[in-house]
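Trainee: Residue-level listing of the chains:
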Amino acid sequence: MKPRDQYLKVEDVSKTFTSRQTMGGKLARAITRKGPPPGLQAVSGVTLELAKGQTLGLVGESGCGKSTLGRIMAGIHSPSAGTVRIDGLPVMEHGKKTTTAVQTVFQDPFASLDPRMKVGDAVAEGPILHGLIMPSMAQKYVERWFARVGLDPSLSHRYPHQFSGGQRQRIAIARALAMQPKLLICDEPVASLDVSIQAQVINLFLELRRELELTCVFISHDLSVVRHVSDRVAVMYLGRIVELGETQSVFGRPAHPYTAALLDSVPRIAAEGEALVEFKPIEGEIPSPLNPPPGCHFAPRCPR
Amino acid sequence: MTPETSKPVLEVENLQTEFATPNGALRAVDGVSFSLSPGEIIGLVGESGSGKSVTGFSLLGLVDAPGRIAGGSVKLDGTELVGMSPQDLRKRRGKEIAMIFQDPIATLNPLLTIGQQMEMALAAHEKLSRKAAAEKSAEALARVGIPSARERLTSYPHEFSGGMRQRAAIAIALLHRPAVVVADEPTTALDVSIQAQIIHEMKALARDYGVAMIWISHDLAVVSALASRILVMYAGRLVEEGPSAQVLRDPRHPYTRGLIDSLPSATAPGQMLTQIPGSMPALGALPPGCAFAPRCSFATDACGARPEMVQFGARGWRCLHPLGLEQKERAAS
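Heads up: the sequence lines are chains A and B, in that order. Just so we're aligned: 159 in numbering that gives the first Met the number 0 is position 160 of the first sequence, and the numbers increase by one with no gaps anywhere. Just so we're aligned: 232 in numbering that gives the first Met the number 0 is position 233 of the second sequence, and the numbers increase by one with no gaps anywhere.
A few of these clues could be false.
[What the hints assert, rightly or not] Counterexamples of contact, computed for chain A against chain B with all Cβ distances above 10 Å: (1) T46; (2) E124; (3) P266.
[Stated by the list, open to error] According to the in silico footprint, chain A covers these stretches of chain B (three or more CB under 8 Å from chain A): (4) 30–36; (5) 102–115; (6) 123–132; (7) 175–184.
[To be verified] In silico SDA-like cross-links for lysine to any residue, where the CA-CA straight-line distance does not exceed 20 Å: (8) A/K181 / A/E206; (9) B/K74 / B/Q86; (10) B/K126 / B/G144; (11) A/K95 / A/A80; (12) A/K117 / A/D107; (13) B/K202 / A/K117; (14) B/K202 / A/P293; (15) A/K96 / A/A80; (16) B/K135 / B/G93; (17) B/K94 / B/G209; (18) B/K202 / A/G283; (19) B/K94 / B/L110; (20) B/K202 / A/K96; (21) A/K139 / A/G149; (22) B/K202 / A/K95; (23) B/K202 / A/G130; (24) A/K51 / B/G269; (25) B/K135 / B/E150; (26) A/K139 / A/H129; (27) B/K202 / A/D263; (28) A/K181 / A/P291.
Don't read these hints as lab results, they were simulated from the structure. Remember, it's a predicted structure, so these values are computed and weren't measured experimentally. We put the CB at the ideal spot given by N, CA and C, even for glycine.
Isolated chain A (complex conformation) (with noise of 0.2 Å):
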């Protein structure tokens, strides 16, 4: 028996890109005896757990490595070292995705449907491909899928384009769900997305967690979002996990500057009585993945 809060498991992952090597490259660095073009770490040493039904929520900024981690999670990168399991079971071994059970919500609905196929046939490709279903019961199939995620199950034989954002994020939702996964990554599920309709999906994210026992880990920049999500978050620098814990207290009581730091740059409306709320936002940038500070990564930026 897998102890119950170490559903997802994700153990030491590292994740460094290079850049592709011509010919010629590799022919001027032997002469100039160079070593190996340096790689951009996008993931170092990333080291966490997360309990069934629980959401973690994984925040900090562009180019902090957060939307790699999950791509690792959803067996879409390979790690380049350390190992993912859900469950006990490895997402992927020798560099081939070994399982379906972890399925993906993209930010972009306009990207991820395929312009050219009707949207239940979208949602029913992956689950007849993998043998959850017979071809024949698929109509039925998707027309509950819809009826779940709030769209009118007559509307399975549109195309992507008759769709408006939002319900197009339903759709994604819907067939990211037929799958029957353990896991759910929603990579900025919400970040294109108007006000009032991010509303109408968050709230249809709580309601489907709640229904189906979801494992979720909810990738944002916004921080008010993920605090609403999630039960646990961790927080990305540069690669690295800076801060990790249950959401109420990585955000009313932050233990890392860098955390403490993004929460004050947050814009937020005032409450009554008090006044304008006033920025003490961070100096500097982020540095550059492939020249990364020594020692802490925020050490240069930090006010402490």
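Using the hints provided, position chain B relative to the given structure of chain A.
Mentor: This is chain B only, laid out in the frame that chain A set:
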């Protein structure tokens, strides 16, 4: 000079912008009126398709066919801009009124250095020696917080980070110290920490140089941190206006209320968010009366007629059932 006492630098009166389609003209901006004082920052808020960006473009006369400004008036320092010849408009654009766009990659020319682009922007309205132009450009870059500005003049846009590019675009827009800057979602594509830096600097620029700004955004929190006044747009019309703090704390229009309530921060973590049912109607299929009525829980038959903007002190709303007031009236009666 306080915004209240000084003469407005920009006066917009009943602005209407239409786009011709095979099915007739669509009115993207429908009767927008407001005025702006020197040094004042106002926020123009709305969701996609509300007409907030088209309003911004219309102010600078940047609406191309099949779009056209169908009516109304835009007065910049007393001079009418609507109907002005393209040549005269060009003389003013960039000098007296400038625009900052959402995407700095699209704004900057990838083939020219930042310095060359700034020099061109300067030369468009001013005769300057190259040395003086470089001097002025470096100064402008430094002012928006770009370190070692003089050396950065020889950099190309791709050598800048996203935040630096937007700063450079802002520096170009401010080169001639325009009286009015229209900023269209300038921080939407940026990270929160960079956004906070830029908002901080824009506030200082407005305060120190008396630049008046129209900040177009879908983000209520950003606008509340920056603007003293807020205009809320829905389906091409202004539905509410007033001082930021008052509008956000005590909104009159049900749509404004809905926008504020649907923010995750308005609800306890993990609880269902308050949502506005439905979505914004297409401009070609607007209901005859109040455009928000089909999504509004307060709507009555009376909302089938188009509500006018009600002005009350600094506040204004286009609603027959304004929130906060009816309850008080009911309590009184």
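Trainee: Check whether the Cα positions of B/K202 and A/G283 lie no farther apart than 20 Å.
Mentor: OK: B/K202 and A/G283 at ~18 Å, within 20 Å.
Trainee: For the pair supplied as a hint, B/K202 and A/K117, is the alpha-carbon distance within the 20 Å limit?
Mentor: Distance of about 49 Å is beyond 20 Å: violated.
Trainee: With a cut-off of 20 Å on the C-alpha distance, tell me whether B/K74 and B/Q86 pass.
Mentor: 17 Å, holds
Trainee: Holds or violated: is the Cβ of A/T46 farther than 10 Å from all Cβ atoms of chain B?
Mentor: At about 25 Å from chain B, A/T46 clears the 10 Å cut-off, so the statement holds.
Trainee: For the pair we were handed, B/K202 and A/P293, check the Cα-Cα distance against 20 Å.
Mentor: Distance ~35 Å between B/K202 and A/P293 Cα, so the pair is violated.
Trainee: With a cut-off of 20 Å on the C-alpha distance, tell me whether B/K94 and B/G209 pass.
Mentor: Roughly 15 Å separates the two Cα atoms, so the pair holds.
Trainee: Residue count check for the region 123–132 of chain B against chain A: does it reach three with CB-CB under 8 Å?
Mentor: Answer violated; 0 residues pass the 8 Å Cβ test.
Trainee: Can the restraint linking B/K202 and A/K96 be considered satisfied, given a maximum Cα separation of 20 Å?
Mentor: 50 Å, violated
Trainee: For the pair supplied as a hint, A/K181 and A/P291, confirm whether the alpha-carbon distance does not exceed 20 Å.
Mentor: 35 Å, violated
Trainee: Regarding the pair A/K117 and A/D107, is the alpha-carbon distance no greater than 20 Å?
Mentor: 18 Å, holds
Trainee: Just to be careful, I want the Cα atoms of A/K51 and B/G269 compared with a cutoff of 20 Å; is the pair within it?
Mentor: 17 Å, holds
Trainee: Taken at face value, is the distance from the CA of B/G93 to the CA of B/K135 at most 20 Å?
Mentor: 16 Å, holds
In this structure, the hints that do not hold are numbers 3, 4, 5, 6, 7, 10, 13, 14, 19, 20, 22, 23 and 28, in rising order.
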